[in-house]
Amino acid sequence: MQKIWELFITFAKMGSITFGGGMAMLPILQREVVDRKHWATEEELMDYYAIGQCTPGIIAVNTSTFVGQKVAGALGGIAATLGFVFPSLVIITLIAGLITNFSHLAWVKNAFAGIQVCVCVLIFNATVKLLKKAVVDRRTAVIFLVVLVSSLLLNLSPVWFVLLAALAGILLKNWEVKGA
Amino acid sequence: MILPKLFWEFFKTGLFAIGGGMATLPFLKNIGETTGWYTYGDLMNMLAVSESTPGAIGINMATYVGFTCGGILGGIIATLGEITPSIIVILLVAAFLKSFRSNRYVDRAFYGLRPASTGLIGAACVTVFLEVLTGLRLTPAGLGGFLNKVALTSGSLFNWQRLALAAVLLVLTNAVRKTRDLHPIVFIAVSAVVGVVFRFAGA
Numbered sequence: 001m002q003k004i005w006e007l008f009i010t011f012a013k014m015g016s017i018t019f020g021g022g023m024a025m026l027p028i029l030q031r032e033v034v035d036r037k038h039w040a041t042e043e044e045l046m047d048y049y050a051i052g053q054c055t056p057g058i059i060a061v062n063t064s065t066f067v068g069q070k071v072a073g074a075l076g077g078i079a080a081t082l083g084f085v086f087p088s089l090v091i092i093t094l095i096a097g098l099i100t101n102f103s104h105l106a107w108v109k110n111a112f113a114g115i116q117v118c119v120c121v122l123i124f125n126a127t128v129k130l131l132k133k134a135v136v137d138r139r140t141a142v143i144f145l146v147v148l149v150s151s152l153l154l155n156l157s158p159v160w161f162v163l164l165a166a167l168a169g170i171l172l173k174n175w176e177v178k179g180a
Numbered sequence: 001m002i003l004p005k006l007f008w009e010f011f012k013t014g015l016f017a018i019g020g021g022m023a024t025l026p027f028l029k030n031i032g033e034t035t036g037w038y039t040y041g042d043l044m045n046m047l048a049v050s051e052s053t054p055g056a057i058g059i060n061m062a063t064y065v066g067f068t069c070g071g072i073l074g075g076i077i078a079t080l081g082e083i084t085p086s087i088i089v090i091l092l093v094a095a096f097l098k099s100f101r102s103n104r105y106v107d108r109a110f111y112g113l114r115p116a117s118t119g120l121i122g123a124a125c126v127t128v129f130l131e132v133l134t135g136l137r138l139t140p141a142g143l144g145g146f147l148n149k150v151a152l153t154s155g156s157l158f159n160w161q162r163l164a165l166a167a168v169l170l171v172l173t174n175a176v177r178k179t180r181d182l183h184p185i186v187f188i189a190v191s192a193v194v195g196v197v198f199r200f201a202g203a
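Quick note, the sequences are listed as chains A and B, same order. Okay, so the first sequence: first residue is 1 according to this note's numbering, each after it adds one. Okay, so the second sequence: first residue is 1 according to this note's numbering, each after it adds one.
Bear in mind the hints are in silico, worked out from the structure with no lab data behind them. Keep in mind that a hint or two might mislead.
To be verified - Some but not every residue of chain A turned toward chain B, in silico, with C-beta under 8 Å:
| no. | residue |
| --- | --- |
| 1 | Ala12 |
| 2 | Val34 |
| 3 | His38 |
| 4 | Pro56 |
| 5 | Ile58 |
| 6 | Ala74 |
| 7 | Ala106 |
| 8 | Lys109 |
| 9 | Ile115 |
| 10 | Leu122 |
| 11 | Phe161 |
| 12 | Trp175 |
| 13 | Gly179 |
Note that the Cβ used here is the ideal one computed from N, Cα and C, for glycine as well.
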């Protein structure tokens, strides 16, 4: 029980000092999990992180679950994950409540109109960064373009694109292996 | 009842968003479009706050969107909904760790998933560009409809003030060595000041 509590507290601490999630969390994880608590080796952490990136959901959450389950089983995984999201719940709820109270003010409206422009650019930069990793040949470029255009034109849940793309990936790679 | 629906929508987001926080954006956009709980503009504001506060962006977004839809309890339910698939999937994967990493079907599926996930984020990017920087707005097809519509909603096609700020930010975050590695919070703060000084909302 003490281990479970320690996991919750440690991951809550990390959740409250990480800015930007995912990638930004890695150095903090290395320090806390590998160097201080010795809950996992450097190699294990890199494995968890790699798998956390290619399993569904938030990368930092996946990594938290992984480390937690290694230390104290399924309950440990749940405790670490709940610990990690706890600060977000508190901080965002407070801020959201505040903003709701001030959102009618002219300067707040103007500030957010400026911020929205910045968010556009940040999303664009994130897309370009991902693009470099995801589009590795002509076929992945086609998948990217088809999904981009058709999800703009069609009123379809993103779920369908994800399922079809997984299938396409398996089929394309199968043909490649058979053709070789 | 809004709470069970919130949980379900965020459960789907957590299960199908591949590649971290930003990958949840297309799903959140879709939830807003289909339920009418919030607009693109609201979503952009929530994203800005989520980038500027501690914690994973994806989790902050889930809490914020949940809060917007259903108050404090909504924020908690949405966040729990989003992390539940992660916990289930990771606990399963951890049990078969070796075979998961070397499984060729997992590897092949991701060959298709990565560009598709990027395509979805790219489409969300185009949608918010139209919404924020131009007078055009993408309206999702109504119930039973299939094809989305684009229409001019305000007087002018381009919002030159905002386009100029976007161009400057694009250069500062990519081309200028001194500024490009700064934390996004810096650019968000600068943009807020510019928005107030030049009355970006016209308010």
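Do the hints match the structure? See the list:
no. : hint   : in the structure
1   : Ala12  : violated (10 Å)
2   : Val34  : violated (18 Å)
3   : His38  : violated (19 Å)
4   : Pro56  : holds (5 Å)
5   : Ile58  : holds (4 Å)
6   : Ala74  : holds (6 Å)
7   : Ala106 : holds (4 Å)
8   : Lys109 : holds (4 Å)
9   : Ile115 : holds (4 Å)
10  : Leu122 : holds (6 Å)
11  : Phe161 : holds (5 Å)
12  : Trp175 : violated (10 Å)
13  : Gly179 : violated (14 Å)
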